[in-house]
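Chemist: Letter by letter, the chains look like this.
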Amino acid sequence: MPAPLVEAINLRKYFKTAKGMLHAVEDVNLKVYPGKTLGVVGESGCGKSTLGRTILRLHQATSGQVLFQGEDILKYRKKDMKKVHLNMQMVFQDPYSSIDPRMSVRGIIAEPLEVCGALSDKKEINERVEQIMELCGLPANHANLYPHELDGGLRQRVGLARAMAVSPKFIVCDEPVSALDVSIQAQILNLLMDLQDDRGLSYMFITHDLCVVKHISSEIMVMYMGQVVEYAPTEELFRNQLHPYTRALLAAIPTVDLSRRNRERHTLTGEVSSPINPAPGCRFAPRCPYATEQCRREYQLREVSPGHFVACNQCR
Amino acid sequence: MAKRKKSLSEYSTGQLVLYRFSKNKLAMFGVVLLAAMALVILLGPLVVPEESVSMMHIPERFSAPGENGFLFGSDEFGRDLFARILYGGRISLFCSLAVIAIAFVVGAIIGGAAGFFGGKVDSVLMRFIDILMAVPSALLAMAIITALGNGVWKLVVALAIGQIARFARTVRASVLTLRNMEYVEAAKCYGSSSMRIILKHILPNGIGPIIVSATLTLGQTILSISSMGYLGLGVASPTPEWGTIISENKVNLQDFPHLGLIPGICICLTVMAVNFIGDGLRDAFDPRTKN
Amino acid sequence: MADNTKNTSENLLEVSDLHVQYRTDDAIVHAINGLSLRVKQGEKLGLVGETGAGKTTLALSILRLLPARVGEITQGSIVYNGDNLLDQPESFMLGLRGKRISMIFQDPMTSLNPTITVGKQILEVLDLHFPELSKADKSEKVDEILKMVGIPPSRKEDFPHQFSGGMKQRIVIAMALIAEPELLLADEPTTALDVTIQAQILDLMRELKDKFNSAVILITHDLGVVAEFCDTVAVVYSGRVVEYGTVEQIYARRENHPYTSGLFNCIPDLTSNAPRLVPIPGRMADPRIPIEGCCFADRCPHCTERCRKAAPPVVERDGHGIMCHLFTEGGER
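Each protein sequence line maps, in turn, to chains A, B and C. Each residue of the first sequence is one higher than the last, beginning at 35 in this note's numbering. Each residue of the second sequence is one higher than the last, beginning at 4 in this note's numbering. Each residue of the third sequence is one higher than the last, beginning at 223 in this note's numbering.
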């Protein structure tokens, strides 16, 4: 196994709110290997986006470490951050608010290059912008268009091109296809996979959609209310999911397979409780059909088989 | 078409804004109007001596426009209305523009910082703004002038302080919605400084409502200056200014409407020109306006 | 497309050759172009399509709620229980909306009034459509419907912000169903919700549908949701129904419109192991420009000269209709 490109160790992010501490991300450990994709799955409010932003230092972590090529970037001073900016980028969910409506496509893609000082010559920047646009499947004559002239799929390509401009090694993709139509979604997913094959990129792919994540990830991490509940290689997870939440999540996905139409559904009852000042123990326990007293007391992620981690006291 | 597109790409964003602005007929009309008025006001004194502002020609009082050599007529003391408007314009036009400019800049900085940084910065700055807002702006201006003493520039500062709160609040509101946009986060991802984010992403996107609010405030400011003058604050008495000219002639308006109409029209034209320019600027910053 | 052999009286809703336009400052947007569909009593129809296909416009046209002066029905008819809705006065529509036809909107966060308690909001529907009921009866009905959607009636004094997204959608459903409508238009009712909550809401809708036997038009982009919930499917593209039939006919994937096949191919499915998805190339045609031939021609892998010249007719076999030249005489299949 090569050394991980990005690693989070006991990463924790709390937010102070009027009602108390909101535990958005709780002691998360993860590794992203070069050229691989880690899928992070969970429902809204499970802390998956916060996790991605904390890794990129868009949020200041409460405690823990984020290692990029072995160096803790959370300890970096302002002047060292350039290494982070040149290597770690982000693609956002909403194709409408993620690119500045007042800038042309060329301006949007050129800005990271100007800010990072990677290139200073105007001509060089223009050439680079054209290369990146081609790479991301944007027609060259779109360079002078403005975002309102583009549809969702093209905007998302612009967002991706902006992230790709500085040739990063690692990209956090925060629900990059969930706002798109299915036919466009497939185009963007294929583009992401092509870029990965071409350039050996690593992704952290945040989504609520297990089907999408199955497609693109080599490993999957399932989160529930800030805690990791299951973490396994993709095939292992789909063959042998152990945590009741992962199972419920899979069962809830509507499928186009009519043979599974009248299957017995174990619909999860209840809803996510508040992550503000949560009780100790497994946070899924209130909705879990198998929860015991022990579950309400302790939460621990255990390795049940090589590379397969589960946070459930019932299966070991 | 293709050729034009290509030439467009060579413009910077600033040039594009100027280009779009110059294509806006109403805005250009506003610019020409305002420039013409400014020019007349600036160059007028070369033709009309300052004494004619207060020189009384009692026998020729209440001349109609054009009568007895008075272009705009004369008032109840037989003073030349044209000269008064010319010299008054220096105060009405330039002071009110200065008031708006100062309030705009200071308000944008305070509101921008409060909205962008949030937290303690926001609390402290906005409490300060609340205090400013709690005092009626006329009262505030009076207090400041009383403290600083009379004078045109002191008046400008006093009135500007009264308007800061309005701009700060408008700017803060738009910054608050814009700072959470994903493109701002993206800008942080590639290491843009706060200053760059504010100037490059937040200001251009939030400027529309701020400009509208600025142009609407202008007319009000011209009138504020005159009400200050009415109270004997700010502008020293013999120097006329548009609002004052209207108010000193108010008893004679029924018989000699031109005494009120002409300075009134001047105020209207100024406000209108600035409004056109403001709308033009707002649209010029918006790429959705066609090139 | 009108099928005269069918007994029309059994159709609750019959939309024929509907054309809807939106007028903007500089162009006319052709949102719906000759759309026809039928819904029987108690039928669960899934209306599938992507953004801009005209799904929501259709729902708004049925309720005659298109934005005034901007949206206009230029052609066609919408016959509901024998009445052409397009000829009825507004007063007729007022008695229809919320009582005989209700609508559930996509976003539960914005479809409730934040300043009124949820109990009062549900009660309002009864006040409007059943003014003859006594206060006690109405209150009892509100409690009953809340229980049915799984919300304790004791919470009717609460305001919308005190509920989660899934709970709010339950309340919206309660409002839509309290008048026991004959037809329920559900516009992406679960899109804004998490999958586990979506499963709960779909279960609930299934259960309630059985109870009230309302017909449902479920508007969605999610083929999976349709497979789980609906009896029949209409696939909409560019403001036309390009394929319709029962769920079994369409999901068998033996004979499909190329667009429907494309949709099936590009969804990442849990059961497939294909390494790459097959996207539909290109994007939907600009709705401002009227199309001469087939609306899908530009993106279709089977496109021929004929497709660009003439709009294909609907070929129907056993109630499975496909609007494509491939299935006409002289076509490949």
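Hints may contain errors.
[What the hints assert, rightly or not] So the derived list for chain A, only partly shown, Cβ under 8 Å to chain C, looks like this:
id, residue
1, E77
2, S97
3, G187
4, A282
5, A286
6, I287
7, T289
[Unchecked claim] Label pairs and their in silico Cβ distance ranges:
id, chain 1, residue 1, chain 2, residue 2, range
8, C, P336, B, I112, 26 to 36 Å
9, B, K26, C, G264, 52 to 62 Å
10, B, K26, C, P336, 41 to 51 Å
11, C, P512, B, V108, 46 to 56 Å
12, A, S97, C, H383, 44 to 54 Å
13, B, L272, C, P336, 43 to 53 Å
14, C, T332, B, V215, 21 to 31 Å
15, C, E232, A, R336, 58 to 68 Å
16, A, R336, B, N183, 35 to 45 Å
If you are wondering where the hints come from, they were derived from the structure by calculation, not from laboratory data. Every residue, glycine too, gets a C-beta built ideally from N, C-alpha and C.
Chemist: Just to be careful: measuring from the Cβ of A/A282 to every Cβ in chain C, is the smallest value less than 8 Å?
Modeler: holds, 6 Å
Chemist: A/S97 was flagged as interface toward chain C. Is the shortest Cβ-Cβ separation under 8 Å?
Modeler: violated, 28 Å
Chemist: Lying within 21 to 31 Å: is that true of the beta-carbon distance C/T332 to B/V215?
Modeler: holds, 27 Å
Chemist: Has the hinted range 46 to 56 Å been met by the Cβ atoms of C/P512 and B/V108?
Modeler: For C/P512 and B/V108 the Cβ distance comes to about 52 Å; the hint holds.
Chemist: Just to be sure I understand the hint, the distance between the Cβ atoms of B/L272 and C/P336 should be within 43 to 53 Å; is that true here?
Modeler: Once the Cβ atoms are compared, 46 Å apart, the range 43 to 53 Å for C/P336 and B/L272 holds.
Chemist: So, as I understand it, the hint says A/G187 touches chain C; can you test that by seeing if any CB pair is closer than 8 Å?
Modeler: Check passed: Cβ of A/G187 comes within 7 Å of chain C, closer than 8 Å.
Chemist: Given the hint of 35 to 45 Å, check if A/R336 and B/N183 actually sit that far apart at their C-beta atoms.
Modeler: holds, 38 Å
Chemist: Min Cβ distance, A/I287 to chain C: is it shorter than 8 Å?
Modeler: holds, 6 Å
Chemist: Look at the Cβ atoms of B/K26 and C/G264 and judge whether their distance stays inside 52 to 62 Å.
Modeler: holds, 60 Å
Chemist: A range of 26 to 36 Å was offered for this pair. Does it hold for the Cβ distance of C/P336 and B/I112?
Modeler: holds, 35 Å
Chemist: Per the CB criterion, is A/A286 less than 8 Å away from chain C?
Modeler: OK, holds: A/A286 within 8 Å of chain C, min 4 Å.
Chemist: Taking 8 Å as the limit, does the beta-carbon of A/T289 come near enough to a beta-carbon in chain C?
Modeler: Cβ of A/T289 sits 5 Å from chain C, so the hint holds.
Hints 2, 12 from the list above are not met by this structure, while the remaining hints are.
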